[in-house]
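Number of protein chains: 2
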Amino acid sequence: MRNKNVSYKNIDITGGFWKDRQDLNKIVTIYAVRDRFKDTGRFDAFKCDWTEGKPKKPHFFWDSDVAKWMESAAYILSKERNEELEKEVDALVDLIEKNQDENGYFNIYFTVVEPDERFTIRDAHELYCAGHLIEAAVAYYEATGKDKFLKLMKKYADYIEKVFKIEDSAEFATPGHEEIELALVRLYRCTGEEKYLNLSKHFIDSRGARGDKEELMIYNQSHMPVREQRTAEGHSVRACYLYSGMADIAAEFDDEELKVALNSLFDNIVNRRMYVTGGIGSSHHGEAFTIDYDLPNPNAYAETCAAISLAMFAGRMNEIRPNGKYGDIVEKVIYNGFLSGLSLDGKSFFYENPLEIVRADRTRNVSWPAKERFPLTKRKEVFDCSCCPPNVTRFIASIGGYVYTVGSDENTLYVNQYMESVSNLKLGDADVEITQKTNYPWDGKVNITAKGMKGKTLALRIPAWSEEFTVEINGKTADIKPTDGFARIEVDADEISAALRLDVSPFFVECNPKVNANAGRVALQAGPVVYCLEEIDNGPNLRDISISREPDFKVKWFDELGVQIIEAKAFRTKPFDELYRRAQFEKEECKAVFIPYFAFANREECDMLVWTKVE
Amino acid sequence: MRNKNVSYKNIDITGGFWKDRQDLNKIVTIYAVRDRFKDTGRFDAFKCDWTEGKPKKPHFFWDSDVAKWMESAAYILSKERNEELEKEVDALVDLIEKNQDENGYFNIYFTVVEPDERFTIRDAHELYCAGHLIEAAVAYYEATGKDKFLKLMKKYADYIEKVFKIEDSAEFATPGHEEIELALVRLYRCTGEEKYLNLSKHFIDSRGARGDKEELMIYNQSHMPVREQRTAEGHSVRACYLYSGMADIAAEFDDEELKVALNSLFDNIVNRRMYVTGGIGSSHHGEAFTIDYDLPNPNAYAETCAAISLAMFAGRMNEIRPNGKYGDIVEKVIYNGFLSGLSLDGKSFFYENPLEIVRADRTRNVSWPAKERFPLTKRKEVFDCSCCPPNVTRFIASIGGYVYTVGSDENTLYVNQYMESVSNLKLGDADVEITQKTNYPWDGKVNITAKGMKGKTLALRIPAWSEEFTVEINGKTADIKPTDGFARIEVDADEISAALRLDVSPFFVECNPKVNANAGRVALQAGPVVYCLEEIDNGPNLRDISISREPDFKVKWFDELGVQIIEAKAFRTKPFDELYRRAQFEKEECKAVFIPYFAFANREECDMLVWTKVE
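Chains as they are written, first to last, in the working numbering: chain A, 1 to 615; chain B, 1 to 615.
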């Protein structure tokens, strides 16, 4: 047996922070994305009737956009019936059936735009689109029991196996944009058919090892065999999709070489190349990882999809060997660099998630037409390259899948995330019901009841950020030292209640001094939530604000945004008119108002800052 | 009478800091620039025999490059005979004579490359080149008494008057790159012919007021009549050349409207848009001024020529109304953002003068071909656009012209700059000999003897950076309060000695908090010299170094660079491996070694930082 994350299907999020977001997702966001995708021709493109000269020419990544939307709909349908969504998906599936090639091939772009170029252009996202369609088909089957879509995609996967593995007849050996690897593992786990697992392993094994067919590019992680890779390189979404697929294969085959590579890649990301928000890929050039400690704030790329992909990677690492550090990273992502990608009204999205906005920088070239590039300061409903919106909807709808892991001993239940929820799952032969009551992340109290776990171990992740914690079992304080980031409770009754108390009081985060961008600055965090200053609350020149080392934090609820805010004692330089003068270090006390980073840019376009001075 | 700066001709720099630099200039730099200009075809271009298909096609700014070199040679010749230099200039003058049009026109590019386009392309630098040739001709006449070059250029100026003023027949009314304005005033002052002064005024008056002929561009300061301009805009060299011309006209015509504009423009630059080094023009886009308080450090443009142009502007403002603040800016420029443009060996140049170098930033895009742009980290001997090198040579050779101003009352001698020197000049009818003995800027002691000034006023600039100062007259302490930045000594003897003591001890400079880039940081200055940290002395991650508020400064002589250095008590963050952690604020004491900013990048390419943390 291997460690297995418990499916989103087994957990119902019943209240609190994530219930609000799942409700918004199923009431607003899923339709907002659908409508924009319809406007832009993405849904109609499945009719495969576009011809030269017509508007709305399909792009080669459109299949994947809609596939992720279908997958999102499936997750929503898995929790409750919704005729409208089901009809939409069925209609799309019918179009796929109608337009699928006899041999199983399906791709809009390479059917209507470049039909003669199938499997000849490595970077044209065919296998990426196939992977997303496969994921959608699996999710739709799991949600509804309908197997038509799944069968169509099995047929396609069989064709891919033929072309890429049996005949080796495509003009490239491995995809330019990874995704098919993890999708095939999912298809295997759903169908039990090992050929899909082996095809996934084939792509993993071939990557960077087949210099005869493709350019060895660092950009798409094919610069060397994946087992030899030690640092996270290139396009960050592609990278973490690859690493996720590698982690699946490592878990399935107990592949030690892959595990060594994965441990190093994960460590390189989280200890060298990740924003404090969990954002990754610091350069817009190639949407890519750059070099260790290179984390500029105003021009951070930190794509929303990249944050999602890091959560996917971290979640899968926990299946290789459960450790609280993986849940820590998932948590960092979901409360910060992922969630900032979505507006609080659920309708619009950031593709890039900067950690600082200085609007004046955008107006500086008054006398010369300059092509300087900055992240948006206001979320958009749809992008030309609109990978992020449906990635957000599917991630929120399936976030329950990050909560529990069943240990390989079938004896330990790891609680990775804290969300108000009810779950029913199998722990070996035991039927377990586990409930969480909590107002996390605003409150560090999590009350857990576990039924059916007598003789088993309940392992609660103790986040690294929590300076102290207590656990009470049935009202009695337990003295537990965490190991591998989990406080392990030996359950001695059919039903126990465990009251976990984490310390979510605000604290300063310091950054490794090798990160130039953050020298002399701190971030403010409370629980897993990273905070920021916005100009609307604090006035201009945010970089001048210096938080007191005795900040007298005041935590408040801010109804307008539906979030917790933090006030802190701070200082500003006493204004003077000269540009330069002999330093007088004159300060004025002021109040700094922090809001959660994920909530920035929801009122008006204004300056924003995560890393503040401190004194 | 107007206030008049005393000519470089009247002052011999006899020792110390600027003697060393003038010697290097006349022994090394003048020939280094000549040789590179010969290599690149700039000298031969004066033969005007280039034809299509030949290499070394003349550029439309080549006349100006060589003209500035000729002007430099003239300044050197004005102090001592040098057959080699004189021959070079004479040969060039002969070529100009040979190739000058009958009507007086002379321009290499518009003779051999686009002969049909004379005076049709506003931005093609024709009048700019003419201005530099005129300046060179005046300087050469002043240095040698030879008037051939001057006559040729008078003829050209007459033709320019005809085309631009009398007939108004050019396709533009005012130059795209200013320079002719100040050059014509110089020609007037040399020849006494008022038509040149009036032609200069004509260009000043027409600028931004003749929308019929040219685009109203902020880039070249023609967006509005110059008398209405209040903020420094566009290409910064063009701007300060224009403002210099405006100041000349304002002084000559006692033009109040121009003075109002100039006061505002000067104030806008020095209190809103100037680096602490005296560098201006913070964006490489258009080599331009941007917006108030926009002074990024690693990508500072701060062109060497722009620093020179600011000194030119400030020096001329002192002629309108003497004030120590003008000498302060000249001083800031000459010891910092100008001088950094020249290597200590006198052979190579910076075009851009950044205030921070982080070499890692240049290597970040490992997976994608990115066209990011950064200033050079090593000086070059010649540039394609090589305006700076000959501007450096002419500026150093004529720097004596910034030392003294004779007041309009012909009774006051303003001492604007401190340099070891002997000068002979007229103050009204009096013949004055004034000598300075000093090791300035390393030492704040300046011993001045003045002969022939009985009944006159000797006004010593008290730099704003000097927290305290003393003046002893003939050994007795004088109690003088500076007015308008000058300590005024009423001279009561035929010969007096004045001992000025300025405080050149190191001090921190703070920046207006509206400058985002410098928030929480200070610069280190001693006297007028701004200091910086280099990686070679301080290790990597310079931004992490925090100078102690009790820095225990140790001032030392550093023979290798021939400069004073400053050691200070400082702190670095105690190293840790994590990327982020709960802040512990652990520091380790270290020693920070500062060198003068002007001396950076003279040992090896490495990181550099002006604005350091302080605590």
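Some clues are possibly wrong.
Since the list can't tell identical chains apart, any single copy or any two copies may satisfy a pair.
Derived pair list, reagent style DSSO-like, types lysine-lysine, alpha-carbon separation capped at 30 Å [unchecked claim]:
id: 1; residue 1: Lys-98; residue 2: Lys-437
id: 2; residue 1: Lys-148; residue 2: Lys-454
id: 3; residue 1: Lys-213; residue 2: Lys-371
id: 4; residue 1: Lys-38; residue 2: Lys-569
id: 5; residue 1: Lys-481; residue 2: Lys-574
id: 6; residue 1: Lys-587; residue 2: Lys-574
id: 7; residue 1: Lys-437; residue 2: Lys-213
id: 8; residue 1: Lys-165; residue 2: Lys-87
id: 9; residue 1: Lys-587; residue 2: Lys-569
Keep in mind that the hints were calculated from the coordinates and are not lab data.
### Query
Checked against the structure, which of the hints given earlier come out wrong?
1, 2, 4, 7 and 8
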